Structure formats: structure tokens, C-alpha cells
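2 protein chains.
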Amino acid sequence: MEALKQKIREEGIVLSEQVLKVDAFLNHQIDPKLMQQIGHEFAVRFRDQKITKIVTIEASGIAPAVMAGLELGIPVIFARKYQSLTLKDNLLTSKVYSFTKQTESTIAVSAKHLTADDHVLVIDDFLANGRAAKALIDVIQQAGASIAGIGVVIEKSFQVGRNELDQQGFRVESLARISSLADGKVSFLE
Amino acid sequence: MEALKQKIREEGIVLSEQVLKVDAFLNHQIDPKLMQQIGHEFAVRFRDQKITKIVTIEASGIAPAVMAGLELGIPVIFARKYQSLTLKDNLLTSKVYSFTKQTESTIAVSAKHLTADDHVLVIDDFLANGRAAKALIDVIQQAGASIAGIGVVIEKSFQVGRNELDQQGFRVESLARISSLADGKVSFLE
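These protein sequence lines map, in sequence, to chains A and B.
First residue of the first sequence: 1, per full-length UniProt numbering; consecutive thereafter.
First residue of the second sequence: 1, per full-length UniProt numbering; consecutive thereafter.
Think of the hints as simulated: they come from the structure by calculation, not from any bench.
All of these numbers come straight from a predicted model, not from anything done at the bench.
Keep in mind that the hints are not guaranteed to be accurate.
As the list makes no split between identical chains, a pair holds if one copy fits it or if it spans any two.
Said to hold, decoys possible - Think about it this way: if two alpha-carbon atoms lie no more than 30 Å apart in a straight line, the pair counts; the simulated BS3-like pairs of lysine-lysine are:
hint, residue 1, residue 2
1, Lys50, Lys101
2, Lys95, Lys185
3, Lys112, Lys7
4, Lys134, Lys50
5, Lys81, Lys50
6, Lys134, Lys33
7, Lys7, Lys95
8, Lys185, Lys50
9, Lys134, Lys185
10, Lys33, Lys5
11, Lys185, Lys112
12, Lys88, Lys21
13, Lys7, Lys101
14, Lys88, Lys7
15, Lys95, Lys50
16, Lys7, Lys81
17, Lys7, Lys33
18, Lys21, Lys112
19, Lys21, Lys134
20, Lys185, Lys33
All chains should be built: construct the whole structure from the sequences, respecting the hints.
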């Protein structure tokens with residue numbers, strides 16, 4: 001997706017060979033117009049899949065997921081990474097280890113909103129080691145729902161997540177695929 | 001806003017005289033179409049205010065804020081409640097005490113994205129005791145930015161937040177104002 005790559009080139013900051021900072025338009029400040037374009041692109045790629053629900057994870061997945069949900073006309077669920085006062089009962093949970101923070105956390109989705117009748121599109125801001133995506137897949141499968149695919153805004157293709165999801169047979173659609181962050185420079189897969 | 005009140009009547013769950021659960025369309029599962037209507041309503045109410053930026057707080061404020069930002073054509077910043085790997089330097093912070101969780105946390109906004117030139121609309125999902133709103137106002141004022149007003153999706157008018165913000169001279173626009181959750185029933189202010 002060219003508009004996204006352009007934005008990454010202009011406003012992304014390479015913090016290390018592993019970490020790209022996109023706080024200017026996705027992870028802290030959000031560009032709503034770009035999110036609408038991203039949502040549109042996910043909708044185009046998955047429109048024929050009879051998706052009933054989008055599942056994402058708080059917080060940075062919410063904006064692109066809601067824009068895709070608006071265009072597809074379906075609800076969005078955001079998995080909780082942190083405890084919620086009103087989300088306590090009937091939870092589907094999965095553990096996710098964060099390499100960047102070196103902590104293990106638990107994500108939770110209410111079984112009330114996700115059932116065996118659902119055909120789910122997973123959306124997330126980043127795909128790196130794939131731990132968050134796998135935890136989302138785990139809770140969706142616990143609900144008995146099927147998975148149409150995984151929509152990713154920015155994929156770090158040089159990390160293992162994409163390959164592992166491919167090997168497991170999931171359809172992954174990433175709108176920007178980064179082959180390297182070496183030498184302080186963003187290189188895209190063509 | 002009638003569509004919102006209708007949704008609260010149909011899908012809101014009164015957990016106690018203090019707590020309304022709206023996990024079906026706002027706090028866990030999100031109704032994107034309703035969020036678009038909510039964003040439109042905020043945009044209509046604040047359109048003449050020359051707002052340059054919307055500030056909200058993760059996670060449930062993001063969807064309504066991004067829809068309002070889309071319609072107003074301005075960026076959205078979501079304050080971080082939790083530590084972020086890529087958000088570390090040049091932070092404006094404020095402490096917020098959560099009555100419901102009985103914990104104190106720190107919210108953070110990057111000074112890079114909020115400056116004295118900004119005229120800010122604050123958006124949040126709930127207004128109850130007003131602690132989150134006041135912490136957002138604090139970080140915005142630390143940046144030297146001005147505040148156009150506060151847009152709230154659901155106000156619990158029987159708690160102190162609304163009155164206190166009124167007394168401090170802030171313009172508060174709440175799309176649904178709840179006068180009581182007594183007897184397991186949602187009553188709206190007319």
C-alpha cells in the first residue's frame with residue numbers, strides 16, 4: 001500500500017535494527033485519514049470472505065480495525081491486555097510473551113461476543129515475532145470460530161512471525177512489508 | 001443522541017448503581033457504524049472551534065476519537081496508560097486515580113505531538129468522577145495548548161465529574177447523560 005509506505009518513509013523513525021517507531025501516525029498520534037485508507041484496503045482484500053467479526057488487540061490495533069469494520073459492516077472486538085472492571089466473566093484467555101518488554105501478559109476476549117458461528121478477520125498494527133497474533137488465534141479457536149485471515153498494517157518480514165503463520169496455513173495480508181531496518185534505513189520487500 | 005441512548009437501553013447492562021457495562025458496543029466489542037455517528041455528532045458540535053488536535057486515552061476512547069478526527073480532518077493522540085517501548089522521551093505525564101480499580105496510574109503524552117499552537121478537543125468514552133479527563137487536561141496544559149472542550153460518549157451525571165468540569169469553565173458535550181442507574185435501570189437526563 002503506497003500511501004502507507006510513503007508515511008513510513010517520511011515519519012517512521014528507526015530506533016534499532018529491530019524497532020521502528022511510528023508514533024507519529026499509528027502508535028500514539030493517529031492519522032484518521034490514513035486509517036480509513038488502511039481499513040479500505042483490508043476490506044478490499046477480504047471482502048469476499050463472508051467475515052462476521054474483526055478481532056484486534058488494544059490499543060494500536062483499534063483504529064485500523066474499526067475502519068475496516070465500518071467498511072465491511074461488521075463489529076470489532078478488541079482483546080484486553082489489561083484487567084477491566086466490567087470484563088470478568090466468561091473469558092477466553094491466552095498468554096503472550098513480549099520480547100520487547102520481556103514480560104508475559106494475558107489477553108482476554110469475552111466468549112459472549114465470539115462464537116462458533118463467527119468467521120474472523122484478525123487485524124493488528126505490527127507483525128514481528130507473531131506472539132500477539134498467535135494469542136489472538138488461540139482465543140478465536142477456543143471460541144470455536146474460524147479464521148479468514150490476518151490483516152497486518154506493518155510487517156517486519158525479517159522476523160519469524162510471517163513465516164510461522166504462513167507455515168500454519170493462515171492467509172496473511174500485510175500492507176507494508178519491511179525487509180530490513182539496517183543502517184537506520186527502512187527497506188521494503190517488493 | 002438518540003441512536004446512542006437506544007443502544008444503551010438495548011445492550012447496556014447495569015452492574016450496580018455506579019457501573020454500566022457497555023462491552024457490547026464500546027468497551028470491548030465496538031459498533032463501527034455507531035462510532036461513526038458519534039464521531040459525526042462531536043464534529044457537528046465542535047466544528048466552528050478551529051480545533052487542531054483531538055486527545056483521548058487508551059483504549060476505549062480511540063474509536064470515537066478517530067471517527068471525530070476523520071470528520072474534522074485532524075490528528076488524534078491517545079494518551080498511554082501503560083508503558084510503551086517506543087514512547088519514552090520527552091513525555092508529559094499526569095497521575096490519575098481510578099476509583100473502580102483503586103489504583104493510581106500515570107498517563108503519558110509525547111510533547112513532540114502536542115504544542116502551544118494546538119487547540120484541543122478532549123474525547124473520552126465515560127465521564128464519571130472526571131479523574132481521567134482532568135489528567136488529560138493537565139498534560140494538554142503542560143504542553144501550553146488550549147482546550148476547546150470535552151466530548152464524552154456516556155456521562156454518569158450523578159457522579160461529580162461533570163459538575164467539577166462545569167465549575168472550572170470547560171465546555172462539556174456528552175452524547176448520553178445518565179441521571180441514575182438505580183433499580184437496575186438506566187435513566188437519562190432530558
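Comparing the hints with the structure gives:
In this assembly of identical chains, the alpha carbons of Lys50 and Lys101 never lie at most 30 Å apart, being 36 Å within a copy and 39 Å across copies at closest. With identical chains, the CA atoms of Lys95 and Lys185 are never at most 30 Å apart, being 33 Å at best within one copy and 37 Å at best between copies. Taking the shortest alpha-carbon separations for Lys112 and Lys7, only the inter-copy value of 17 Å comes in at or below 30 Å, while the best intra-copy value is 38 Å. Within a single copy, Lys134 and Lys50 get their C-alpha atoms as close as 22 Å, which meets the 30 Å cut-off; across copies the closest is 43 Å, which misses it.
Taking the shortest Cα distances, Lys81 and Lys50 sit within 30 Å of each other inside one copy (28 Å), while across copies they are farther apart (35 Å). For the homomeric pair Lys134 and Lys33, the shortest alpha-carbon distances inside one copy (29 Å) and between copies (28 Å) are both at most 30 Å. For the homomeric pair Lys7 and Lys95, neither the shortest alpha-carbon distance inside one copy (32 Å) nor that between copies (33 Å) is at most 30 Å. In this homomeric assembly, Lys185 and Lys50 never come within 30 Å of each other (Cα to Cα): the closest approach is 39 Å inside a single copy and 37 Å across copies.
Taking the shortest alpha-carbon separations for Lys134 and Lys185, only the intra-copy value of 28 Å comes in at or below 30 Å, while the best inter-copy value is 40 Å. In the homo-oligomer, the alpha carbons of Lys33 and Lys5 lie at most 30 Å apart both inside one protomer (15 Å) and across protomers (28 Å), since each shortest distance falls under that limit. When the C-alpha separation of Lys185 and Lys112 is checked against a cutoff of 30 Å, the pair qualifies only between copies, where the shortest distance is 22 Å, while the shortest distance within a copy is 45 Å. In this assembly of identical chains, Lys88 and Lys21 lie within 30 Å of each other by CA distance solely across copies; the values are 11 Å between and 33 Å within a copy.
In this assembly of identical chains, Lys7 and Lys101 lie within 30 Å of each other by CA distance solely inside one copy; the values are 26 Å within and 38 Å between copies. Taking CA atoms no more than 30 Å apart as the test, Lys88 paired with Lys7 passes between copies only; the shortest distance there is 22 Å, against 39 Å inside one copy. Taking the shortest Cα distances, Lys95 and Lys50 sit within 30 Å of each other inside one copy (29 Å), while across copies they are farther apart (44 Å). Taking identical chains as interchangeable, the C-alpha atoms of Lys7 and Lys81 lie at most 30 Å apart whether they share a chain (28 Å) or sit on different chains (26 Å).
In this assembly of identical chains, the alpha carbons of Lys7 and Lys33 lie at most 30 Å apart whether taken from the same copy (12 Å) or from different copies (27 Å). Proximity of Lys21 and Lys112 under a CA criterion of 30 Å is satisfied inter-copy only: 13 Å between copies versus 35 Å inside one chain copy. Taking the closest pair of Cα atoms, Lys21 and Lys134 come within 30 Å of each other both inside a single copy (23 Å) and across two copies (28 Å). For the identical chains of this complex, Lys185 and Lys33 are intra-copy neighbours only, at 25 Å inside a copy versus 39 Å across copies, given an alpha-carbon limit of 30 Å.
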